[in-house]
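S.K.: Sequence:
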Amino acid sequence: MLFVEAFGAGPSKTDTKISERHQTNELAQRMSKLLSTGVYADVQFLVEEGDKKELLLAHKAILSHVSEEFASILGFGTQNSSDSNGKKSVETIKTVLVIDVTIEAFKVMLSFIYTEDLKGLTAQNLLDVLFAAKMYKIIGLINACVAFPISKFSNVFKIIAEARVLDMDFAQCCLQYIDENAHDLFLSENFLQIDYKFLTELLSRDQLETKGGELEIWQAALRWADEKCRQNGIDYSGDHRRAVLGPALFKIRFPLIKKEDFSKIIEPSGVLTPEEVISVYEFDSNAYGKKRKEPMKFTNQKRNKQKQNEKRTFLDPIKTKCFEAFYGQKNNNSLAHRMKELLGNGTFTDVHFRIEEGEETKLLPAHKAIISVASDPLEAIIHFEVSKMDDAAQKTSDQSIAITNMSINAFNVLLQFIYADDFSGLNGENWAEVINAAKMYEINGLVEACVTFPISKLPNIFEAVDLARLLDFEEFAYRCLDYIDINVETMLGTNGFLQIDQQFLCEFFGRKNLQINGEISLWNAALRWADAQCRRNGTKCSGENRREALGKALFEIRLPLISKETFTEDIGEWTLKCNATFWILSQSILKKNFEQKFDRFILNKEKTTKGDKYFESIDIEYLTKEGLYNKKEDKVKLAIDVNCGERTN
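Note that the sequence shown ends on residue 649 in the UniProt record's numbering; no numbers are left out.
Hints are supplied without guarantee of correctness; some may be wrong.
[Claimed, not checked] The list that follows gives simulated cross-link-like pairs (lysine to aspartate or glutamate, EDC-like), each with its CA atoms no further than 20 Å apart: (1) K158 to E189; (2) K137 to D261; (3) K340 to E68; (4) K251 to D195; (5) K228 to D239; (6) K457 to D482; (7) K512 to E474; (8) K211 to E180; (9) K251 to D261; (10) K264 to E216; (11) K211 to E260; (12) K158 to D261; (13) K540 to D485.
[Said to hold, decoys possible] Computed Cβ-Cβ distance ranges for the label pairs, DEER-style: (14) K33 to Q219: 52 to 60 Å; (15) E69 to D482: 18 to 26 Å; (16) Q207 to K33: 42 to 50 Å; (17) G120 to G493: 57 to 65 Å; (18) G120 to S400: 37 to 45 Å; (19) L527 to Y478: 50 to 58 Å; (20) P454 to R511: 16 to 24 Å; (21) E357 to E69: 39 to 47 Å; (22) Y236 to L187: 17 to 25 Å; (23) K197 to G120: 33 to 41 Å; (24) G120 to P454: 37 to 45 Å; (25) G425 to K94: 21 to 29 Å.
None of these hints come from the bench; they were simulated from the model. Note that the Cβ used here is the ideal one computed from N, Cα and C, for glycine as well.
All chains, please: the whole structure from these sequences, using the hints.
M.R.: This is how it looks when you write it as C-alpha cells:
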C-alpha cells in the first residue's frame, strides 16, 4: 500500500500565473488527451474500410456509460463487481472488429463521446457519422448530426434523399432549409436535377418562402421542365412542358398570381389549356363572393410562412427544433453529467483511494485512465503502484492508494473536478485542504476555482493570506488583503485576527487603505491581539508584556491621529508614562506638516527640535530612569517609530 502525504509537498516550481493557468472546458481537453494517448485503454476497435484498416484504442467504462449498444458489445457488468477491499478481476485488452462504419466516422464518434467535440463532423462525412451514431445509439451525436448547418451541403436536394433513409428528423431539417431559402435554391443547377416526385412534393409545400411569390414558383417549375425537355431531346413547347410537369402543374397556385402577370407571362406560355386560363380569370372576377359553377383545378390557398416564434437559429439560417434537441439535453446527457455518473456508479473502476478520517476509513473507487490525464503526480503514483505488482498480482486489482492528512470530503471535491469539472463541493470549510491538494497534484483547473473562490465565504481570511503566499498565489493574497481593507472593522473582531503572527500584524497595521472608523479601533484590536498572545505565552497581560508582544506592530498604529482625550485616557498610561507630552509632541509635528514617518523624535528640555513647541509637564526623573534623558546634552529622546499620515479610505 502506498501512502501519500497530502500536505507534504511544497509549492510546485512549474506554477504559472493565474491568467495562464486558466483554461476553458478543461474536462474536454483532458478527455481529448485520454483518447489520443490511449493510456490505460482496455478495448481496441479494429475498423476495416475496404483495403484500409486502423486500430483505435478506447476505454470500456466511458463507452459503456454513454451507449447501451457499447455496453452490450463490451460486456457491461462482467467487470463491475468488486468486494469491500476493492478487489476485482482484470481481463486482457479486448479487440472488437468493425466493418460497417468508416474509419473517419468512427473517429468522429469517439471524439464526440470523449469530448463532445464536433469539429471533425463535416458535410462530407455527416451521413456516415449519422449512420454510426444510430447504430451505436449515441443520442447526443444523432441530434448533433440532425442539427448540422444545412448550408454547408453543396447539394441539399441530393442529401435529402439519403437522409430520409437514415433519419426523418434530419430530412425534415433539410426540407425546412429549402422552404426558407427557396428563392436561391430554385435558381441553382442542383434544383434542375431533382426527380419528378421530389418536384411535386416541393410545389405542394405550404411553407415555401420566395421573394416573387407564386410567379417565382411557376418560373422555377418551368426551368425544371425545360431542363427535362433538353435531356429528352425535345423542344420547349407548351405541350411538351405540360407533359413533363404532369400533375405537378396543378400544385402551382395560379389564382394567387397577379392578373397582369398571369396575362403577360403565364397565358402566352401555352402550358395551360384555354379552359384552365378561363377558370383562373373567373376566380379573379368571382373573388368577391360569387360561387363558381365548376370546382377549380388549382388551389387558391395561400402558402403559410413559418411564424417568427417557430424559427430556430444556431450556426446556420436553418431554424429547427433539432438544435434544441441537442443542446436542451446537455443538462442531463452532457459530457460532465455522464462523467459524474460514471464516478458515482463505479463502472469498470480499477483503482481505489483509501481515505482515513479519524476512525472512519473509506475507499473511493476511480479509473486510472481518467485520473492519469488529470494529474501527473497522481499518474506517477498509479504507475509506481502498478509497477510493484508481479504478473500474478496484476490479474486481480487490489491497488489501494492511501491519502493521508486529507478529509474524505476534500478528496471527493478533487475527484468530482477531475471527472466533471465540478467544484460545487468546494466551500469555505474545505477550501484550504482543496487548494493545497490541487496545487500538490497539479490540478490547475481546480486551483483556478480555488483562487477565484468568494473571499467572503472563507472562515479565516488571514489564514487564507498565509496559505496563498505559501503556495505562491500572490494575486489571491492581494485580493484577500483588499477585502480585509474594506471590511477591517469586521475582520478585527474575528478569531482569525487573533491567530496571526507579529510579522503579519505589522503588515496589517501598516496598510494605507484600511477603512477603519478611527485609529483607536486598531489600538483596541492591538490590545486584544496582545492579550491573546500573552495567554498563549502564559504571561500576565501587563503593559510591558503587551508592548513586548506587539513589538514593531505598536509603531504602525498612527497614534497622533487619536484625540488627546482618548489618547490620555486609553493609551498613554501604560505605554509611555508621559502621554500628554507625547501627544502634544505628535500633534505639533503633524500640524507643522513634517515628513510623515520619523525614526526618532528628539525632544529638547524646553522645546522640540522640529516642532518649536514648549512644554511644562515633563517628568525628567522618569525619562532619566527609562534612559530617555541625556543630562549632558540636556535632551530627551522618545525612541518611537510613529506614522502620522492619514489612512486613505
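S.K.: Give a verdict on every hint.
M.R.: Each hint tested on the structure:
1. K158 to E189: holds, 12 Å
2. K137 to D261: Given pair K137, D261 is violated - Cα atoms ~53 Å apart, limit 20 Å.
3. K340 to E68: It holds: about 18 Å lies between the C-alpha atoms, which stays within 20 Å.
4. K251 to D195: holds, 16 Å
5. K228 to D239: holds, 13 Å
6. K457 to D482: holds, 15 Å
7. K512 to E474: Holds. K512 to E474 sits at ~19 Å (cutoff 20 Å).
8. K211 to E180: Given pair K211, E180 holds - Cα atoms ~11 Å apart, limit 20 Å.
9. K251 to D261: Holds: K251 and D261 sit about 18 Å apart, inside 20 Å.
10. K264 to E216: OK: K264 and E216 at ~14 Å, within 20 Å.
11. K211 to E260: holds, 18 Å
12. K158 to D261: Not OK: K158 and D261 at ~33 Å, beyond 20 Å, violated.
13. K540 to D485: Roughly 31 Å separates the two Cα atoms, so the pair is violated.
14. K33 to Q219: 52 to 60 Å: holds, 56 Å
15. E69 to D482: 18 to 26 Å: violated, 55 Å
16. Q207 to K33: 42 to 50 Å: holds, 46 Å
17. G120 to G493: 57 to 65 Å: holds, 59 Å
18. G120 to S400: 37 to 45 Å: Between G120 and S400, where Cβ atoms are some 39 Å apart, the hint holds.
19. L527 to Y478: 50 to 58 Å: Because 28 Å falls outside the window, the suggested range is violated.
20. P454 to R511: 16 to 24 Å: The hinted range 16 to 24 Å holds for P454 and R511, with Cβ atoms some 22 Å apart.
21. E357 to E69: 39 to 47 Å: holds, 41 Å
22. Y236 to L187: 17 to 25 Å: holds, 18 Å
23. K197 to G120: 33 to 41 Å: holds, 34 Å
24. G120 to P454: 37 to 45 Å: holds, 39 Å
25. G425 to K94: 21 to 29 Å: Violated - the Cβ-Cβ distance for G425 and K94, about 35 Å, lies outside 21 to 29 Å.
In terms of the numbered hints stated before, the structure departs from hints 2, 12, 13, 15, 19, 25, listed from lowest to highest.
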